[in-house]
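J.: Listed below, chain by chain, are the residues.
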Amino acid sequence: MSAVLRIPTVLRPALGGAVTVSVEGHTIGDVLSELTNAYPAVKGQLLNDDGTLHRFLNVYINDDDVRYLGGVNAPVANDDEITLLPAVAGGVA
Amino acid sequence: MLSLERHLRDAMIATCIRALPDEGCGLLLGVRESERSVVRDVIASENVLHSAKVYEIDSKVLLRAHRRADEEGLEVLGVFHSHTHTEAYPSPTDIAQAPDPAWQYVLVSLRDVPTVVRTYRIVDGAVSEDEVVGH
Chain A
1 MSAVLRIPTV
11 LRPALGGAVT
21 VSVEGHTIGD
31 VLSELTNAYP
41 AVKGQLLNDD
51 GTLHRFLNVY
61 INDDDVRYLG
71 GVNAPVANDD
81 EITLLPAVAG
91 GVA
Chain B
1 MLSLERHLRD
11 AMIATCIRAL
21 PDEGCGLLLG
31 VRESERSVVR
41 DVIASENVLH
51 SAKVYEIDSK
61 VLLRAHRRAD
71 EEGLEVLGVF
81 HSHTHTEAYP
91 SPTDIAQAPD
101 PAWQYVLVSL
111 RDVPTVVRTY
121 RIVDGAVSED
131 EVVGH
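These protein sequences, in sequence, are chains A and B. Those letters in the first sequence? Residues 1 to 93, per our numbering, in order. Those letters in the second sequence? Residues 1 to 135, per our numbering, in order.
Bound conformation, chain B alone (with noise of 0.2 Å):
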């Protein structure tokens, strides 16, 4: 279960709407809490790959990320991103890129309105999607 407060999921979807036409994309930072994870801030990153198609983290975001993560007792919880005209489901080029079996993995469809917001797990290539609570 993802546990997203109202401004922090804005604070994701203005990422996403700032980065158009191109994808958007950045952290989530918080606390693990059994099978909750708690999100306390969403770290906005630039797309490196200035794509509509597909996206990265900044290297020095993912690094400070990490970073401020471990001196403030965080984690870095899972990415966010979004897609422009396709649903709120990971592609296959997320599925086979997605580094971490603990992370979620969040969805932010612009092609709908309102937009839709959604979270996954993805654990050797089998995605399953997670509960987005708070908002």
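In isolation and in its complexed conformation, chain A is listed as follows (with noise of 0.2 Å):
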């Protein structure tokens, strides 16, 4: 399957500076497999070790958050967009 991935400003210097790429793959997990193959330099920030999704990164398809839809098994079609943000996080703890 064939989408089309959105790097938000903070990932683009470890992605190859692109704004938009297209990616492959039949899942979320295979699309961030392959980018972390791709570009090594964001091993760690996209997939944890055990290969479930990175606790502080958001990842939509279209317009719903993948955790809500199986994770790293959440699966993609063609065309879809899927948009990757940073998650905003914080606090006194």
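FYI, nobody ran anything at the bench for these hints, they're computed from the structure. Keep in mind that a hint or two might mislead.
Said to hold, decoys possible - Below, a list of computed lysine to aspartate or glutamate pairs in the EDC-like style, where the Cα atoms sit at most 20 Å apart:
1) Lys43/A <-> Asp100/B
2) Lys43/A <-> Asp124/B
3) Lys60/B <-> Glu81/A
4) Lys60/B <-> Asp80/A
5) Lys60/B <-> Asp64/A
6) Lys60/B <-> Asp63/A
7) Lys60/B <-> Asp65/A
All values derive from a computational prediction rather than experimental measurement.
Given two chains presented individually in distinct reference frames, assemble the corresponding complex, making use of the accompanying hints.
T.: Below you can see the structure in the form of structure tokens.
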């Protein structure tokens, strides 16, 4: 499946500088693994060592957060738009 | 420098007060004019962690804010959140989790009366206070 991936400003330097790239894969896990293989600098920022989604990365397929679509197993369809956005979190703890 | 009109500052503080006893949070939309970040709108978010000590912006609010910014020629300038019982200074967690060196990190301290609003830039773990003008 071929989808379009939108890359946030903070990840662009590590992912070749583009705003959008065309990606292949049947699941979000496939897409993120492929990116990690192509750009080793982002290793650890997209997926954890056990292959699960990084806690502070939000991944969306079209308008939906993939955490509610099966996480890394979320299916990717042709022409889907995938967006990566770093989670915004913090606090005094 | 963060340019923040009075009504937007009030909207931000109101979001934080409504969230009590939890930390309140939201995003700042606007434009960058050289060294000045001009806030055009304040977008309230639910604190999805429902905690007085930590916060996280709702992922749907985050996506919508970025989409709206693209559509209206704006940028997501930064984030605000409240500290309910501590000063308006980024905590070690805030610093460690700051995703974007270009962002303004606004702290609203509800400990003090009147409410204290301060803004910071966080670059590679180094915190520097920036000026808030327009209120």
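J.: Confirm or reject each hint.
T.: Against the structure, the hints:
1. Lys43/A <-> Asp100/B: Between Lys43/A and Asp100/B the Cα gap is close to 18 Å, so the pair holds against 20 Å.
2. Lys43/A <-> Asp124/B: holds, 18 Å
3. Lys60/B <-> Glu81/A: holds, 15 Å
4. Lys60/B <-> Asp80/A: With a Cα-Cα distance of about 17 Å, the restraint between Lys60/B and Asp80/A holds, given a limit of 20 Å.
5. Lys60/B <-> Asp64/A: Holds, at about 8 Å.
6. Lys60/B <-> Asp63/A: holds, 8 Å
7. Lys60/B <-> Asp65/A: Within the cut-off at roughly 7 Å; holds.
When each numbered hint is compared with the structure, no violation occurs for any of them.
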